[in-house]
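K.L.:
Residue-level listing of the chains:
There are 2 protein chains.
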Amino acid sequence: MSLWSRTRNAVYGEITRTSMELFLTRGFDATTIDDIAAAAGISRRSFFRYFGTKEDVVLGDLATRGDLIRQALEARPDGEDPWDALCAALHSVKDAAYGSDEEMLAVFKMVHQTPSLRARSIEKHLQWQAMLTPEIRRRLGADPSDPLDVRAEALVASVLTCLDVAGEAWGRADGKVPLEDLFDAAAAAVHGGSS
Amino acid sequence: MSLWSRTRNAVYGEITRTSMELFLTRGFDATTIDDIAAAAGISRRSFFRYFGTKEDVVLGDLATRGDLIRQALEARPDGEDPWDALCAALHSVKDAAYGSDEEMLAVFKMVHQTPSLRARSIEKHLQWQAMLTPEIRRRLGADPSDPLDVRAEALVASVLTCLDVAGEAWGRADGKVPLEDLFDAAAAAVHGGSS
DNA sequence: TGACCATCTGGCACTCGGTGTCAATGAGGC
DNA sequence: GCCTCATTGACACCGAGTGCCAGATGGTCA
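Protein chains in written order, with this note's numbering: chain P, 16 to 210; chain Y, 16 to 210.
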């Protein structure tokens with residue numbers, strides 16, 4: 016690994032750490048890009064060379080996690096009910112990207128309380144949806160070129176919606192109940208006959 | 016009705032008409048507020064006195080429609096299955112806010128293709144979710160102060176997600192299939208044992 | 001009719017997020 | 001040492017959105 020890559024990774028981490036600290040103390044909207052740049056010791060312009068938007072600092076690695084979920088889904092047994100397979104795939108991808116539970120909780124609260132972050136978060140879920148739908152279509156035996164077969168999209172989108180609802184409730188409850196339990200309860204309420 | 020209200024309504028309609036025409040021809044992102052203001056014969060500043068954001072011109076009346084859906088939901092029989100009641104409430108609120116089907120289709124496509132519009136649209140759905148959840152909680156007999164009971168939120172959010180999926184498919188299919196049919200198919204795929 | 005108040009309006013300056021450009025700097029390979 | 005290329009900071013620019021203020025206009029009361 017060249018020096019360029021190393022310094023780039025270091026700066027990347029420095030921006031992330033500095034930004035999150037500012038976000039969690041001052042609040043997301045109250046923190047400007049200039050604040051971050053000054054605190055991280057870089058120029059305003061360079062910030063945008065590492066992150067496309069301010070929201071990407073918080074939600075940047077969500078795209079990566081979507082790929083993990085897709086892999087987990089494809090690893091599920093072929094005959095399994097698609098809904099159950101989706102739930103299992105989500106279960107198997109624990110959030111290992113956070114330093115501590117308190118930090119993860121604080122981030123969750125911030126995302127769900129900040130409109131722009133909430134919107135971006137849902138956009139990321141739409142990306143996940145696009146990543147997971149083909150596999151569900153295959154399992155359903157749906158014609159890949161039929162734009163009118165909405166079953167796969169509906170299943171994937173609803174499971175992700177359950178995850179979103181569970182995440183919001185988890186934040187409201189200050190993490191006192193495991194996120195997985197909330198997700199299971201949400202999924203069971205929507206899709207009656209499964210775990 | 017005073018002259019103030021009448022002129023205000025007139026200006027409101029003029030901005031809406033002019034904006035939509037520009038959006039549908041040039042595209043949403045390619046149309047600036049200055050373009051709209053110039054075409055509508057008002058000042059840039061006045062535009063923001065009628066609409067909080069550019070997206071509100073397209074999605075402004077969605078909040079109103081959410082209230083209609085809530086009323087339709089509350090009018091459903093008390094013993095009805097919550098999921099079916101939600102679906103029926105959505106069915107009963109047809110989109111009467113569009114001049115023609117082609118225009119409605121064009122607006123749908125624009126919303127689903129423009130990230131900022133898509134995000135705002137989802138935010139509006141979150142508002143609907145907040146409006147509809149209390150009634151579903153009541154029907155489920157859930158404790159209103161229990162933040163851990165996610166069943167109602169999950170049901171409402173999933174139904175709205177099905178509507179979103181159906182809307183997207185409807186746009187992809189150029190409106191060749193009734194939106195209601197797509198919604199029913201999506202809802203049936205998610206919530207197995209109902210129409 | 002004239003005075004008075006509320007409302008609406010346009011114009012200006014400003015903040016903030018995000019982008020294009022360009023010259024300077026420093027690492028990597030020859 | 002030299003050439004190339006990625007990275008950087010600085011500057012200018014754009015568009016969305018807000019705060020402020022002076023002026024115009026409608027509504028109301030005397």
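Don't take each hint at face value.
Given that identical chains are not distinguished, each listed pair holds provided it fits within a single copy or across any two copies.
[As the list claims (entries may be wrong)] In silico lysine-lysine, DSSO-like type, Cα no more than 27 Å apart, as pairs:
(1) Lys69 to Lys191
(2) Lys69 to Lys139
(3) Lys124 to Lys139
(4) Lys124 to Lys191
Hint data in this document are derived by calculation from the structure and do not stem from the laboratory.
K.L.:
Please go over all the hints and tell whether each is borne out by the structure.
P.N.:
Each hint tested on the structure:
no.	hint	verdict
1	Lys69 to Lys191	neither (30 Å within a copy, 40 Å between copies)
2	Lys69 to Lys139	both (15 Å within a copy, 22 Å between copies)
3	Lys124 to Lys139	both (17 Å within a copy, 20 Å between copies)
4	Lys124 to Lys191	within (13 Å within a copy, 42 Å between copies)
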